[in-house]
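Q: Sequence:
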Amino acid sequence: MDPWSKRYPMAPGMLRKAEFKPGQRVLAISDIHACKALLERLLKKLDYRPGTDALVLAGDLLTKGEENMAMLDLAMELAALPDVYILLGNCDGMNDEAEAPWLPVFLDRQPRQLFWEQCAAQGIGRSEALADAHGTIQALCRAYPEQAAFLTGLPRILASEQYYFAHAAMDAAKPPQEQDPVDVITRRGFLQTAGRFDRLLIVGHYPACNYDLTECRLSSYYDKARNILCIDGGNRVKTGGQLNGVVLQDGRYLGCEWVDDLPAARVLRPQAEKPATVNINWPSYGVQPLQWQGELCRCRHETTGREFWAPAQLVEQTESGWKLADDYTDYRPPLQTGQQVGLAARAGDWALIKTGDRPGWVPASWLQQE
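Numbering (numbering that gives the first Met the number 0), first residue to last: 0 to 369.
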């Protein structure tokens, strides 16, 4: 069952309006996913100045990370500051979930969320919580009334003369008050079918790197022709994902900063750059193995027909056929001896690293973890 299949119209509290001052920096961040420490690092990197800059947190404050209660407390503190706007994401609701029959399944399969942290703080065990999940939700709302009211009151769209903000999507053919409130927080792959907007639309929810079929970059993706800026960096979703923050001013996109928490590694020998030929993302993992060669496998991607080499450990046979075990790019970045990189993953003799906002591969023996 689709947990968001119930449809209903926009209510007045779901749309909020904002007025940004001429020349004011507007900082936008989405998909924090309970990573409070990362958010604090990013705000510092962006040189956020409360009372001078505006700040928009565009949904998914919670879930998938391990600082849910602390992140919610920080969000409530930020919301009390001038020119701070916080939107609802599909990972932030509690009261809507209390009405849904799928709630026990959802809670059981996602251990890193506000529900479980609050249960632990209240001394509610796992079996007890799941036996009456709806009742447990209501008990937690009574135990944490300010937090529950804060989440319930979050709008889904922020509109100003220069910008629209939503967690996932908007329909360019409809005004904000006529949007589908479920779509605006849940729609995937929005950019693939989106129209053109009359002002800059900023969305998260769907990692921006999914939109380029050749080159994988985890920073924001700007479609200037349609006036859409996708800012989700894949934090806690993508291997090597990052938390993005974009800088806006007077209706213009100025740039993107990011942070991650990958362990550092030192490059032991140089590597020449090998440009990417594929950028494969969920759910298009289907491949056809063509040739096995030691720790490598040459594959044909079913969706695009492109052929590429991948670490053999990433190619696996399932009941429905051969698939990649994760997102994949065949990019090999240029590296210099002594260079520091982020270590995202290992696959056999190969390591996935990040240089800047870009993941790529290097022989694992060419790295020394710090």
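Read the hints as simulated data drawn from the structure, not as lab findings. Careful: at least some of the hints might be erroneous.
The list that follows gives simulated cross-link-like pairs (lysine to any residue, SDA-like), each with its CA atoms no further than 25 Å apart [unchecked claim]:
no., residue 1, residue 2
1, 43, 248
2, 16, 125
3, 63, 24
4, 43, 236
5, 43, 254
6, 43, 355
7, 16, 193
8, 16, 271
9, 43, 263
10, 44, 321
11, 63, 48
12, 63, 11
13, 173, 43
14, 35, 77
15, 20, 355
Simulated restraints, written as ranges between beta carbons of each label pair [as the list claims (entries may be wrong)]:
no., residue 1, residue 2, range
16, 362, 174, 23 to 33 Å
17, 265, 192, 26 to 36 Å
18, 103, 367, 12 to 22 Å
19, 148, 362, 27 to 37 Å
We put the CB at the ideal spot given by N, CA and C, even for glycine.
Q: Against each hint, give a clear statement of whether it holds in the structure.
A: Quick rundown of the hints versus the structure:
no., hint, in the structure
1, 43 with 248, "holds (18 Å)"
2, 16 with 125, "violated (41 Å)"
3, 63 with 24, "violated (29 Å)"
4, 43 with 236, "holds (23 Å)"
5, 43 with 254, "holds (16 Å)"
6, 43 with 355, "holds (18 Å)"
7, 16 with 193, "holds (23 Å)"
8, 16 with 271, "violated (50 Å)"
9, 43 with 263, "holds (20 Å)"
10, 44 with 321, "violated (42 Å)"
11, 63 with 48, "violated (28 Å)"
12, 63 with 11, "violated (30 Å)"
13, 173 with 43, "violated (37 Å)"
14, 35 with 77, "holds (12 Å)"
15, 20 with 355, "violated (32 Å)"
16, 362 with 174: 23 to 33 Å, "violated (54 Å)"
17, 265 with 192: 26 to 36 Å, "violated (44 Å)"
18, 103 with 367: 12 to 22 Å, "violated (46 Å)"
19, 148 with 362: 27 to 37 Å, "violated (53 Å)"
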